[in-house]
Every structure is written in structure tokens, then in C-alpha cells.
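Novice: As a plain string of letters, each chain reads:
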Amino acid sequence: MYDFTDLVRSIHESLVASLSPGMAALVEWIIIGAIFLGFFALLGLVLVYVERKVCAFFQLRLGPMRVGFWGTAQTLADTLKLLLKEPIMNKRADKFLFNFAPFIIIISSLIVLSVTPFAPGLQAFDINIGLFFVIAISSIGVVGILLAGWASNNKYSLIGAMRSGAQIVSYELSVGLALMTMVVLTGSLQLSEIIASQADGWWIFKGHIPAFIAFVLFIVASTAEVNRGPFDLAEAESELTAGFHTEYSGMKFAFFFLAEFVNMFIVAVIAATVFLGGWMPFHIGGLDGFNQIMDFIPPILWFFGKVAFIIFLMMWFKWTFPRLRIDQLLTLEWKYLLPLNLMNIVLMAFVVYMGWYFGN
Amino acid sequence: MNSVIKYFSDIAHGVKTLWKGMMVTGYYISHARKEIITQQYPENRDTLQMFNRFRGEVIMPHNEDNEHRCTGCQACEIACPNGTIEIIWDRKPDPETGKKKKSIHTFVYHLQMCTMCALCIPACPTDAIIMGQDFEHAVTDRSKLTKILNKPGSKLMKGVEE
Numbered sequence: 001m002y003d004f005t006d007l008v009r010s011i012h013e014s015l016v017a018s019l020s021p022g023m024a025a026l027v028e029w030i031i032i033g034a035i036f037l038g039f040f041a042l043l044g045l046v047l048v049y050v051e052r053k054v055c056a057f058f059q060l061r062l063g064p065m066r067v068g069f070w071g072t073a074q075t076l077a078d079t080l081k082l083l084l085k086e087p088i089m090n091k092r093a094d095k096f097l098f099n100f101a102p103f104i105i106i107i108s109s110l111i112v113l114s115v116t117p118f119a120p121g122l123q124a125f126d127i128n129i130g131l132f133f134v135i136a137i138s139s140i141g142v143v144g145i146l147l148a149g150w151a152s153n154n155k156y157s158l159i160g161a162m163r164s165g166a167q168i169v170s171y172e173l174s175v176g177l178a179l180m181t182m183v184v185l186t187g188s189l190q191l192s193e194i195i196a197s198q199a200d201g202w203w204i205f206k207g208h209i210p211a212f213i214a215f216v217l218f219i220v221a222s223t224a225e226v227n228r229g230p231f232d233l234a235e236a237e238s239e240l241t242a243g244f245h246t247e248y249s250g251m252k253f254a255f256f257f258l259a260e261f262v263n264m265f266i267v268a269v270i271a272a273t274v275f276l277g278g279w280m281p282f283h284i285g286g287l288d289g290f291n292q293i294m295d296f297i298p299p300i301l302w303f304f305g306k307v308a309f310i311i312f313l314m315m316w317f318k319w320t321f322p323r324l325r326i327d328q329l330l331t332l333e334w335k336y337l338l339p340l341n342l343m344n345i346v347l348m349a350f351v352v353y354m355g356w357y358f359g360n
Numbered sequence: 361m362n363s364v365i366k367y368f369s370d371i372a373h374g375v376k377t378l379w380k381g382m383m384v385t386g387y388y389i390s391h392a393r394k395e396i397i398t399q400q401y402p403e404n405r406d407t408l409q410m411f412n413r414f415r416g417e418v419i420m421p422h423n424e425d426n427e428h429r430c431t432g433c434q435a436c437e438i439a440c441p442n443g444t445i446e447i448i449w450d451r452k453p454d455p456e457t458g459k460k461k462k463s464i465h466t467f468v469y470h471l472q473m474c475t476m477c478a479l480c481i482p483a484c485p486t487d488a489i490i491m492g493q494d495f496e497h498a499v500t501d502r503s504k505l506t507k508i509l510n511k512p513g514s515k516l517m518k519g520v521e522e
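Chains A and B, in that order, are what the protein sequence lines are.
Once you know that position 90 of the first sequence is 90 in our numbering, the rest is easy, because the numbers rise by one and skip nothing.
Count along the second sequence from 1, add 360, and you get the number used in our numbering.
Only chain B is shown next, with the shape it has when bound in the complex:
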């Protein structure tokens, strides 16, 4: 008799759990209008907002006086696993103290080699570089992928090295 009861309770249990599963997907389809996560990309290009943690490319923010925070310490170049970052630096005399000081000449960023691992970001002691949100990197020529991140005529922001 017990086995008969078990047989029917198994069926009831099976039906119950199947119904539970169907309710989950039923919720999805009945709330599809607001739950759908797919985005229509080229159409929504103007309003598209990438999420904060998205890694599009490495960028170097400049303030309104055309100043950046990069001291040319090359920590990012060392941290980079595949040689994406290449810093060309020189020693120029500091206009205030007159001593010779290391500074960046060109911050070269080879986008074609970058895997967006973002190991350079925590390596930077002065937070000079961050990950940008732009992901439309298609270009017609390979040379366009080699980017220079520091803007022409830019200089080091004051107070970064203290």
C-alpha cells in the first residue's frame, strides 16, 4: 500500500514542480515588456548608456587647463601583459626649481594589442588613466589604432607628485 501512495505522491510532486517551473517562465513572458534586456544597438545609439564597469579603451582624462595626472613613472607599462602601453619620456628642467625631472613626451596606446584587462588602472599610482566607455573602435587603417593619449601641449597637473 505504501508503494501505491508513494507512486501517486510522486506524480503529484512531479506535477507540482513542473507547474512551479512553468510559473517562472510564465512570469517572464507576461512581464516581457519591461523585463527584456536585449537592446537594439544601432537604433538606440544616441541614448545608449554603457554601464560603469564596462571596459572600452584606456583613456587619460585632461582637465580644462589641458593638464593630466601622468608623471611618466611607467608603472602601467610594466603592468601591461602584452606591451600595449609604450611611454616615451624625457628629462626636462622643471620651470620652478630648475632641476631636471622625468616627464612624459608621448603616451602611446596600441589599441590593437589591448585585451581590456585593465591591469594598468590599479597599477597607476596617480590615477592618471581610466577605462573609457567607447566601444566603437572599427577603423579602416591599422595605423589609426595606435593612439597618443596625452594631448599636444599638455603638462602635469600641479600637486600630483606630493
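Isolated chain A (complex conformation):
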């Protein structure tokens, strides 16, 4: 439960011993792919249930209660229903793009998931430009949304998609800059190295004021980037029926739905990794006894605990704040978040230059 390096190596060695190198690599790819697809589906099921329950409790309701104990099998039943539904397509829709769009969104979330550091040794793809890779790939999702809106041949879908395009393109800037502020501090883009550098304290504590500002800016901007919470203009049930996925039904609709929740998970993973130390336990420099007690909790629990905390924060935003208008949305980004981010990055650079952060 603590370190998966040995387990992963022993699986790799047993595969290499029994198969040719090429076959071993192929089997490993298939295993990893299957695990991630399974994890993807499980994540969707769990997050939809959690979302409905958290929303219900915020609104003083009970939420799903009938299917399974406290409604735990509700999302499973919903998935079954979506699988059995007929995929209806608009007659005038662009057939190829209409069918292709959900896959772009799903694939982009799945690729980002591959660099997720779950625990020591439990990371499928540890590249030296990890953070950059995450930002770059997660931007591809917007192409899927735009294609879905265009190919549906529906005015609501198109308006939703265009809003979403404007929104994601603007907010990506703030997400990137907020992460860049932290890269100034960490000095590395590799996710495993960023985590390793937080062994004596998480960056949000070590980087004090600028790191905290960057954290808040990142959470706000990334909530907008995943089309959630008060920034769900692209869907806007009350105005645009469902925005870009109005015309989708059955499993293709489920893909969009799933991608939204997985994107939320990915954003939470990045925030947890960069600001809250990933799977690193909570350590205070100098207090060895306390640190040992914290080490006793498995890293994978630390990781999922932090991710759950950030997901809860985003749900809290969603069920508290009213939806922004498109002009308010762009004002928030271009007049507030972006200048604050630029000021913050200068502040952070100054702090790092002077060595005024902890643990240097």
C-alpha cells in the first residue's frame, strides 16, 4: 500500500521473462489501458453519485435514496439505461463529426489521466514536461465541444459551443499562468519531481502568500475551464436546454457527461499535485514524531483525500453561486484573473529570487 515500485517492477519482470520484449510491451500497454478505462468508468459512476448527494445536502434534500443502500446503485442503473437507449441523430447533422466529437473529449481526458501520479511508483507516464503536457492535452477537449456544437446542426448547440470556446480559450490562460507561478517555485515540470520537492512541506504552505493566491486563482480558473459551477454557460440548462450536447442521446451523451466529471477529477489532481503535495503526507519540518504518524497513512489515501477535498470545493462553488453572464465571465477573466496572475507571477519570482520561501 505504501510503495508500488516493487510491485510494478515484479509484474514487468515476470512479463519480460515469459514473453518476447515486443509482446511484453504490448501486454503492458493493454493492461494499463484496461486499468485506466476501468478507472475512468468507475470515476464517472462515483463522481456522479457524489455530486448528486453533495448537491442534495447543500439544498437540504436527501438525493437518490431508492436504488441500493442510500441510492449507491443509482448511477449504475442510470448507466444501464443510457447503454440501452437508442442513439438518435439529427437528420441534417454532420454524421462523421457528430460521432467523432465525443471521442475527442473522452480521449483528451483519458490521455491527461495517464500522467496522474497516484502513489509512489504508480504513474503510467512520467515525462519531464508533465505539467506542460497536461495543460496542452486538456486544451484539446474544447475542439470536441466545438465540433459537437457545430455538427449537431442546432442553434442551441452552436451557441453553447461558441460560448464554451470563448470561455475555455480565455480561462486556459489563467490556469497556465497560475501553474507557471508554481513552476517558478518548483523549478521542474515533471510531476514526480514536483511531488518529491514537497517532502518537507506542501508548496501552498512553503510558498505562503503568492502560492495561496495562485491556488485560489487556479481553482477559479480551472472551475471555468471544466465548464462547471457558476461557469456552466456552455450547458446552461435554463437557457440553452443543454448547450453543445442537446442533440446527443444514449451512450454518446454519457461520454460528454462522463468527460465533465473526469475533467473535474483531472483539475483536482493537478491542484493536489502542484499545491498540496500529491501523495506526499502532511509533514512539518523538524517534528519527526508527527511526521512518522503522518507517514503511516498510505500515500494513495493522501492522494485521493486531497483530490476529494478539491472536488468538494468545486461542488461547493457550483451549488452556491449563480451562473455568470457571458460578459461577466469574460470581465472576470480579462480584467481580474489575468492581471492578478501577472502580478502574482512577478511577486513569486521576486520571492524566489530573494529566497523568502520556506524549505530553500
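Hints are supplied without guarantee of correctness; some may be wrong.
Residues from chain B shown here face chain A by an in silico Cβ test under 7 Å; the list is partial [stated by the list, open to error]: (1) Gly-381; (2) Met-382; (3) Met-383; (4) Tyr-388; (5) Ile-389; (6) Ser-390; (7) Ala-392; (8) Glu-395; (9) Ile-396; (10) Thr-398.
Sample of chain B residues facing chain A (criterion: CB under 10 Å; computed from the structure) [to be verified]: (11) Val-375; (12) Gln-400; (13) Thr-407; (14) Met-410; (15) Glu-424.
Honestly, the hints are just simulated from the structure, not real lab data.
Built from N, CA and C at the ideal position, the CB exists for glycine as well.
Dock chain B against chain A, hints included.
Specialist: Positioned in the frame of chain A, the structure of chain B alone reads:
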């Protein structure tokens, strides 16, 4: 310089008000256990208590001597906007004075037409009818919705007409 101060004070104000809103919902979720107002209906059927002002149906209370308070004045029938109440009355001689007097034969209440507007309740001069709390009105046949509110053999309570 003033505009710069205003810019940052706007941000501070915005953060403050957002935090205030989050505290409200934060209170709800942290006190969800005792604040939740949803009820699990079929499960809590035995203990379910409807609130006093709930309008389930029109009922006519009878006392233990099988006496009601309805004089058959038909004020409720006139007050009813959609003909839900239908009073069939007759003139029988009063056993005490021997004079002929109006009294109800059948108080017919068509539940399928009732909108629970409760206009009949204040119209009644003798408080003979009230709104009941029962809301489980599903039946298998339409004729079961036509109810007769006065019990068989019931008579007018003494002292109502004075």
C-alpha cells in the same frame, strides 16, 4: 491612484461576499443531518404527521352519539366554485315541535372535482365541515370518489341552530 485602490477593494469585496455565500451553504451541508426537510414517504407512513393547514379532503366530523353539525343550509354548495358539494335535503317533522324542518338527507362530496380550495369551510355557518389530513385518495374505480359525508342514521347535533 484612486482607481487602483478601487480595483483592489472591489476584489476584496468580491472575495468577501463570495465567502459569505459559501458560509451559508456551508452551514447547510454541515448541519444537513438535522436540517434536511425531505421525508421518505412510504417508509414513514406510520409516523407521518401532516401539518395543520394541509388540505387533504373535506370531512364532516361526527361526535360519539353519531351527531353532526350540518343544518342543510347549502351555503357550502353555493360557495363551491366547481360543484363538488351536492346536498340532498328533505323536510321532516321535528320530533320535538312537530313542525316541518329542513334537514340533510345526503351530503354528497365529489372528490374527483374538488380542488381543495377550501372555500366551503369559511362559508359554513355552523362549522359542520373541515379539511381533513388524509391525502391517499387513489382508488381503482371512479365511483369510489363520490363520497357521502354524513354517516347513516346520523342526526343534527342539538343546540347548533340557536
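Novice: Each hint should be assessed against the structure and marked as holding or not.
Specialist: Against the structure, the hints:
no., hint, result
1, Gly-381, "5 Å, holds"
2, Met-382, "5 Å, holds"
3, Met-383, "9 Å, violated"
4, Tyr-388, "6 Å, holds"
5, Ile-389, "5 Å, holds"
6, Ser-390, "9 Å, violated"
7, Ala-392, "4 Å, holds"
8, Glu-395, "5 Å, holds"
9, Ile-396, "5 Å, holds"
10, Thr-398, "4 Å, holds"
11, Val-375, "8 Å, holds"
12, Gln-400, "7 Å, holds"
13, Thr-407, "17 Å, violated"
14, Met-410, "19 Å, violated"
15, Glu-424, "42 Å, violated"
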